[in-house]
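> So the protein sequences, as listed, match chains A and U.
Read in order, the letters of the first sequence are residues 42 to 355 in the working numbering.
Read in order, the letters of the second sequence are residues 42 to 355 in the working numbering.
If you're looking for bench data, these hints aren't it; they were derived computationally from the structure.
There may be inaccurate statements among the hints.
Pairs count within a copy or across copies, as identical chains cannot be separated in the list.
Stated by the list, open to error - List of simulated lysine-lysine pairs, DSBU-like, C-alpha gap at most 35 Å:
no.: 1; residue 1: Lys192; residue 2: Lys139
no.: 2; residue 1: Lys139; residue 2: Lys334
no.: 3; residue 1: Lys334; residue 2: Lys192
no.: 4; residue 1: Lys134; residue 2: Lys192
no.: 5; residue 1: Lys134; residue 2: Lys334
no.: 6; residue 1: Lys169; residue 2: Lys139
no.: 7; residue 1: Lys169; residue 2: Lys192
no.: 8; residue 1: Lys267; residue 2: Lys192
no.: 9; residue 1: Lys343; residue 2: Lys132
no.: 10; residue 1: Lys75; residue 2: Lys169
no.: 11; residue 1: Lys70; residue 2: Lys192
no.: 12; residue 1: Lys70; residue 2: Lys132
no.: 13; residue 1: Lys343; residue 2: Lys70
no.: 14; residue 1: Lys139; residue 2: Lys264
no.: 15; residue 1: Lys334; residue 2: Lys267
no.: 16; residue 1: Lys267; residue 2: Lys75
Number of protein chains: 2
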Amino acid sequence: MRQNYLIGVDLGGTNTVFGIVDGEGNIIKEDSVKTQSFPRVEDFVEACAQCVEPLIEGVGGMEVIGGMGIGAPNANYYTGTIEEAPNLPWKGKVPLAKLLSERLHLDVVMTNDANAAAMGEMAYGAAKGMRNFVVITLGTGVGSGIVIDGKLVYGSDGFAGELGHMIVDRSAEARLCGCGRRGCLETYCSARGIVRTAQDFIDAGRMTLLSEVGELSSYEIYKAAKQGDEVALETFRITGETLGKACADITTFCSPEAYIFFGGPMRASEFIMPSIISSYNEQVMPIYRHRCKFLVSELMDKNAAVLGAAALKV
Amino acid sequence: MRQNYLIGVDLGGTNTVFGIVDGEGNIIKEDSVKTQSFPRVEDFVEACAQCVEPLIEGVGGMEVIGGMGIGAPNANYYTGTIEEAPNLPWKGKVPLAKLLSERLHLDVVMTNDANAAAMGEMAYGAAKGMRNFVVITLGTGVGSGIVIDGKLVYGSDGFAGELGHMIVDRSAEARLCGCGRRGCLETYCSARGIVRTAQDFIDAGRMTLLSEVGELSSYEIYKAAKQGDEVALETFRITGETLGKACADITTFCSPEAYIFFGGPMRASEFIMPSIISSYNEQVMPIYRHRCKFLVSELMDKNAAVLGAAALKV
Chain A
42 MRQNYLIGVD LGGTNTVFGI VDGEGNIIKE DSVKTQSFPR VEDFVEACAQ
92 CVEPLIEGVG GMEVIGGMGI GAPNANYYTG TIEEAPNLPW KGKVPLAKLL
142 SERLHLDVVM TNDANAAAMG EMAYGAAKGM RNFVVITLGT GVGSGIVIDG
192 KLVYGSDGFA GELGHMIVDR SAEARLCGCG RRGCLETYCS ARGIVRTAQD
242 FIDAGRMTLL SEVGELSSYE IYKAAKQGDE VALETFRITG ETLGKACADI
292 TTFCSPEAYI FFGGPMRASE FIMPSIISSY NEQVMPIYRH RCKFLVSELM
342 DKNAAVLGAA ALKV
Chain U
42 MRQNYLIGVD LGGTNTVFGI VDGEGNIIKE DSVKTQSFPR VEDFVEACAQ
92 CVEPLIEGVG GMEVIGGMGI GAPNANYYTG TIEEAPNLPW KGKVPLAKLL
142 SERLHLDVVM TNDANAAAMG EMAYGAAKGM RNFVVITLGT GVGSGIVIDG
192 KLVYGSDGFA GELGHMIVDR SAEARLCGCG RRGCLETYCS ARGIVRTAQD
242 FIDAGRMTLL SEVGELSSYE IYKAAKQGDE VALETFRITG ETLGKACADI
292 TTFCSPEAYI FFGGPMRASE FIMPSIISSY NEQVMPIYRH RCKFLVSELM
342 DKNAAVLGAA ALKV
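Same shape as in the complex, but just chain A (with noise of 0.2 Å):
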């Protein structure tokens, strides 16, 4: 009997979703266990199991499920491990991908979220029928999914693609990033950097709409940009400008047919895109101008986490 559905799990700080999904990239049946309730990974574990066998007796059992796929914080790939995570209960390297796999006897892989959101787009959104291409997540920090060739890189250690940790700004007075390092990626273009690129021109007195919010986001900055606000358009156009200076030097590395951008602050996309777009062709070394594609995720209102890591059993 074949194959035909692939279970796709966004295992979150808060929800590990697991979902069945499709040839079409459908998503059609899902369930959830709170990750927080079992201190133990050998409990969670079997929640898992217990949350997700009805799923796969749902659509058939076991001999039409093609596999698992894992989004998770600080997995690698290479060990099927999630190593340091701060945002999950269990400390050290946990093997997750094997006890997973013990236990439901399925093949399961396991990658960052970031890297499970490139492959999404390849299997089922806008890189479809792409084989070079740049995953940029904006998100609490900046991800990416980098694919080579139609694979995606991991690198020699399974830590590759962690773009959001370039360095954009070499000033003394650059943003201080979480890594501990100075003028990171993230520091500008991160949801949290969007929001502090406000913050910085409110605290330096220009007027602004945003003056009067109580809690700055990248959607309050996104409709004061819609009514015409200043500060809230050169927000975004210097977010915009670091974008495209970054995927000017990436450009270097790898030459991708396109790169596309995914996360909350991409809403405000047609502020956002055309600074990245003439910030690149600007930028950028003459070889390669006008020559990429920059798009916004087209799974942006689908379940991207879950469609992302059963794609990596595609």
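Based on the hints, put chain U in the right spot on chain A.
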């Protein structure tokens, strides 16, 4: 009969060198033609054939030849063409791989010099047994060959791997590059860039043995460094620091097992390498620290360009 030999071709602005390479990476026969003597590419192809055919006969004829690899400036692996190479006599896109393949009845592949160097290191040099590494060539410019999962990275269009044009200095006074932009790695770390660093110290009135040198070169700077000359030592220290910080960014991309440096300036590796390593480990994201090897090419005393080109067919 086994195909025991490969043909490596180093196509340069002055000479085009042909070598017959055995399975252990020895060049057992070699000959060359003058590239500039053939303004018409058809005549060049005929001259190449007449040069290489006797070499082939000398090892037992076509049956023992596994193919031909060419390293050439501005060569595109995908199309087998040389495109607008400033130092070659033919203009436009030249389909050299096809022309030579048809004339010689051989499989012919072609790529740029730095990519060929990377394949050479993997087949015969410092990267033997590695599947993820980056070769950086320091010459007139700075070139690079990136190997991920055992394969050269060509990108969507064949133009990947131009790390000499990563921007390492975004300040207004950054050095102008031949590509028309400012702050490219090669403006600091090519042989010319290194000379320029030393010249800047001389122009600023620093005391140095180098003031008395007629024509500055990385070799003259090396000799001065050997004598403890402060300016020469500082020149190499700055070169290494700049390479180290570029590598720190490259690691976020592909997390290689090693960086391998090739080219004339690496004769001074005793002065450059410690600075590369300390700068890298200071500047790289903490998860990558002290995990990467920094090596000097093992092909610098051999004909690396011919070996690298042959290795394209390994």
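> If a hint holds in the structure, say so; if it doesn't, say that too.
Okay, the hints, checked on the actual structure:
1. Lys192 to Lys139: Both, since 22 Å and 28 Å are each at most 35 Å.
2. Lys139 to Lys334: So Lys139 and Lys334 pass the 35 Å test across copies only (30 Å; inside, 38 Å).
3. Lys334 to Lys192: So Lys334 and Lys192 pass the 35 Å test inside a copy (19 Å) and across (24 Å) alike.
4. Lys134 to Lys192: Both: 25 Å inside a copy, 30 Å across copies.
5. Lys134 to Lys334: Answer is between; shortest inter-copy Cα gap is 24 Å, intra-copy 38 Å.
6. Lys169 to Lys139: both (30 Å within a copy, 31 Å between copies)
7. Lys169 to Lys192: both (13 Å within a copy, 23 Å between copies)
8. Lys267 to Lys192: Classified as neither: same-chain Cα gap 39 Å, cross-chain 46 Å, threshold 35 Å.
9. Lys343 to Lys132: Within one copy, since 31 Å is at most 35 Å while 50 Å is not.
10. Lys75 to Lys169: within (33 Å within a copy, 47 Å between copies)
11. Lys70 to Lys192: within (28 Å within a copy, 39 Å between copies)
12. Lys70 to Lys132: within (31 Å within a copy, 59 Å between copies)
13. Lys343 to Lys70: within (14 Å within a copy, 61 Å between copies)
14. Lys139 to Lys264: neither (46 Å within a copy, 57 Å between copies)
15. Lys334 to Lys267: Classified as within: same-chain Cα gap 25 Å, cross-chain 50 Å, threshold 35 Å.
16. Lys267 to Lys75: neither (37 Å within a copy, 64 Å between copies)
When the structure is compared with the earlier hints, violations turn up for hints 8, 14, 16 and for no others.
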